[in-house]
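Here is what each chain is made of, one letter per residue.
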Amino acid sequence: MTTLVIAEPSVEGVKVPTLTTLGAASKLGGDVHVLVIGQGIASVADATAQVAGVAKVLTADAAELAHGLAENVAPLVVGLVKAGGYSHVLAPSTTFGKNVAPRVAALLDVAQISDITGVESADTFTRPIYAGNAIATVQSSDPVKVATVRGTAFEAVAATGGSAAVEAVSGASDAGLSKFVSQEVSKSERPELTSARVIVSGGRGMQSGDNFPLLEALADKLGAAVGASRAAVDAGFVPNDYQVGQTGKIVAPELYIAVGISGAIQHLAGMKDSKVIVAINKDEEAPIFQIADYGLVADLFKAVPELTAEV
Amino acid sequence: MKVLVAVKRVIDYNVKVRVKPDESGVDLGNVKMSMNPFDEIAVEEAVRLKEAGKATEIVVVSVGPSQAQETLRTALAMGADRAILVQTDVETQSLGVAKALKALAEKEQPGLVILGKQAIDDDANQTGQMLAALLGWAQGTFASKVVPAEGPMGAGVAVTREIDGGLETVELKLPAVVTTDLRLNEPRYASLPNIMKARKKPLETVDAAALGVDLTPRLKTLKVAEPPKRAGGVKVGSVQELVAKLKTEARVI
Ligand SMILES: Cc1cc2nc3c(=O)[nH]c(=O)nc-3n(C[C@H](O)[C@H](O)[C@H](O)COP(=O)(O)OP(=O)(O)OC[C@H]3O[C@@H](n4cnc5c(N)ncnc54)[C@H](O)[C@@H]3O)c2cc1C
Ligand SMILES: Nc1ncnc2c1ncn2[C@@H]1O[C@H](COP(=O)(O)O)[C@@H](O)[C@H]1O
Chain A
1308 MTTLVIAEPS
1318 VEGVKVPTLT
1328 TLGAASKLGG
1338 DVHVLVIGQG
1348 IASVADATAQ
1358 VAGVAKVLTA
1368 DAAELAHGLA
1378 ENVAPLVVGL
1388 VKAGGYSHVL
1398 APSTTFGKNV
1408 APRVAALLDV
1418 AQISDITGVE
1428 SADTFTRPIY
1438 AGNAIATVQS
1448 SDPVKVATVR
1458 GTAFEAVAAT
1468 GGSAAVEAVS
1478 GASDAGLSKF
1488 VSQEVSKSER
1498 PELTSARVIV
1508 SGGRGMQSGD
1518 NFPLLEALAD
1528 KLGAAVGASR
1538 AAVDAGFVPN
1548 DYQVGQTGKI
1558 VAPELYIAVG
1568 ISGAIQHLAG
1578 MKDSKVIVAI
1588 NKDEEAPIFQ
1598 IADYGLVADL
1608 FKAVPELTAE
1618 V
Chain B
2 MKVLVAVKRV
12 IDYNVKVRVK
22 PDESGVDLGN
32 VKMSMNPFDE
42 IAVEEAVRLK
52 EAGKATEIVV
62 VSVGPSQAQE
72 TLRTALAMGA
82 DRAILVQTDV
92 ETQSLGVAKA
102 LKALAEKEQP
112 GLVILGKQAI
122 DDDANQTGQM
132 LAALLGWAQG
142 TFASKVVPAE
152 GPMGAGVAVT
162 REIDGGLETV
172 ELKLPAVVTT
182 DLRLNEPRYA
192 SLPNIMKARK
202 KPLETVDAAA
212 LGVDLTPRLK
222 TLKVAEPPKR
232 AGGVKVGSVQ
242 ELVAKLKTEA
252 RVI
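Here the protein sequences line up with chains A and B, keeping their order.
Numbered according to this note's numbering, the first sequence terminates at residue 1618, and the numbering increases by one at each position without gaps.
Numbered according to this note's numbering, the second sequence terminates at residue 254, and the numbering increases by one at each position without gaps.
It is worth saying that the hints were derived from the structure and are not from the lab.
Heads up, the beta-carbon is just placed ideally off N, CA and C, and yes, glycines get one too.
Some hints could be false.
[Said to hold, decoys possible] Short, incomplete list of chain B residues facing chain A, as computed with Cβ under 7 Å: (1) Asp122; (2) Leu135; (3) Leu136; (4) Gln140; (5) Val148; (6) Lys236; (7) Leu243.
From just these sequences and the hints, can you work out the full model?
This is the structure we're talking about:
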């Protein structure tokens, strides 16, 4: 039994989603190989070889793979699975993994188990359904198990302590179906949402993007990332990649501070596994208070600056 | 260009889901069912393409029980031209649905197939990617903008995708598969006259077996359980009290 983990593309170092996916892989037992794809990724492959528990790093370094296009990545993975006799293929539940893994599964004619949160055995997994309002235990009888891994549900493995062999793989080609045009990446000095220890999130109650600096000031004092509800993103207060929830990012920081967020199930689905939840809302009936460890019924425009001054 | 849109009938997003006491599934008896919200966005996008003169015909497809006809009628009322129900009473799973859609795509020869990025019941986020794989087509997932245009690969479509770091634009060769994200558009409500008109639009029912497709679920659900509950918290009276609790009780700051 050998698992192939598709690494989250990186230009430098090993990404956290790769480490948490490896955490899930370690629960399966058997050897673990990691596929690193991209262009000019020799140093990333070397860093991946240092990761604890990795037996082998496969590196596919090619211009066709530079942007992680699923049309080019999937056939490469399928070729490796067929040649290498892998029993499992795991990818992180990032927008990269969610885009590529189902394409791999379909080409192998197997089901994909999405967003696993637990490994019961080599063929049985738990996963949230209905916005996390139910947890399904599912069993796959397919010869190869393809799954995406929810990062918040598994411990990241140690980034050092390993000494895997690095092997170059060939066979990347351009499927001629798609081309990368451009990317608009939100730049921020703050930590990434999915790996931050503290998150300050704003909702419709913020009223405007011009008020988000209030949250940013608090976030900077706490070393926190800034997130948002769908309503805040839809209204254009902040970019799409701030969205936390069922259909946005899934987070589980030590501390999640929800400001002017009502607590719709779709939002809770993305943050209710946070260790400590604080809610600041002027409506004492807001559903967010039902799951908050500490609720403060207050006008956020008064409470947030006070909080920033106090911490 | 013909556009094929896949729509799923799911529990309404406002309904509070209850797990059955015997842990065999969730209780769907007497609950409101609606079109998957992402699929409303998919239908809307197709209708806008038609209104802009980029699409000629919109065919909506659902794989499911006979009640899914209601969902298809809703799509027809929003502006789709005709509907196909692949009727089945088994629980649909992404790979089977993708195979049924592939069979229909081969028959209908659309230039574009639009799906939702995710069904809000199984939260799988797979079907569009699987369909693209089976057809050997390009995929533009999590789309927030879809612009058909002549590109370097001939007839194409530029798709802006919502990715973890922000936005990405890719150029896809047609025919292609697109899956919708929340910011693509705001779906219209069907007007009463359009709901009346939709009753007369063609709705064909086909059997999965007649399409040569096996919909038998590949994944076996052993159990469906309640998620762990969070213990209730407390209300604090002031910012000072909150900070004190976070420092000394929760010890997170
Ligand atoms: C298919 C689908 C997917 C979805 N996915 C997501 C998702 O991934 N993430 C997500 O977040 N949502 C998602 N939603 C949307 C979700 O249903 C809610 O509409 C959304 O979360 C509401 O955002 P909100 O809490 O910011 O806004 P509202 O519900 O409008 O709440 C605003 C809150 O701010 C409070 N407030 C206002 N002014 C002040 C003030 N001055 N001081 C203090 N408090 C104040 C109000 O009391 C209120 O509670 C999805 C919906 C659908 C249909
Ligand atoms: N039974 C179905 N019938 C029609 N379309 C479906 C069905 N299941 C999934 N889809 C489509 O595939 C998308 C993604 O679903 P999923 O992969 O299940 O999350 C949905 O938004 C629909 O567009």
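Hints, verified against the model:
no.	hint	result
1	Asp122	holds, 6 Å
2	Leu135	holds, 5 Å
3	Leu136	violated, 10 Å
4	Gln140	holds, 6 Å
5	Val148	violated, 11 Å
6	Lys236	holds, 5 Å
7	Leu243	holds, 5 Å
The earlier numbered hints that this structure contradicts are 3 and 5.
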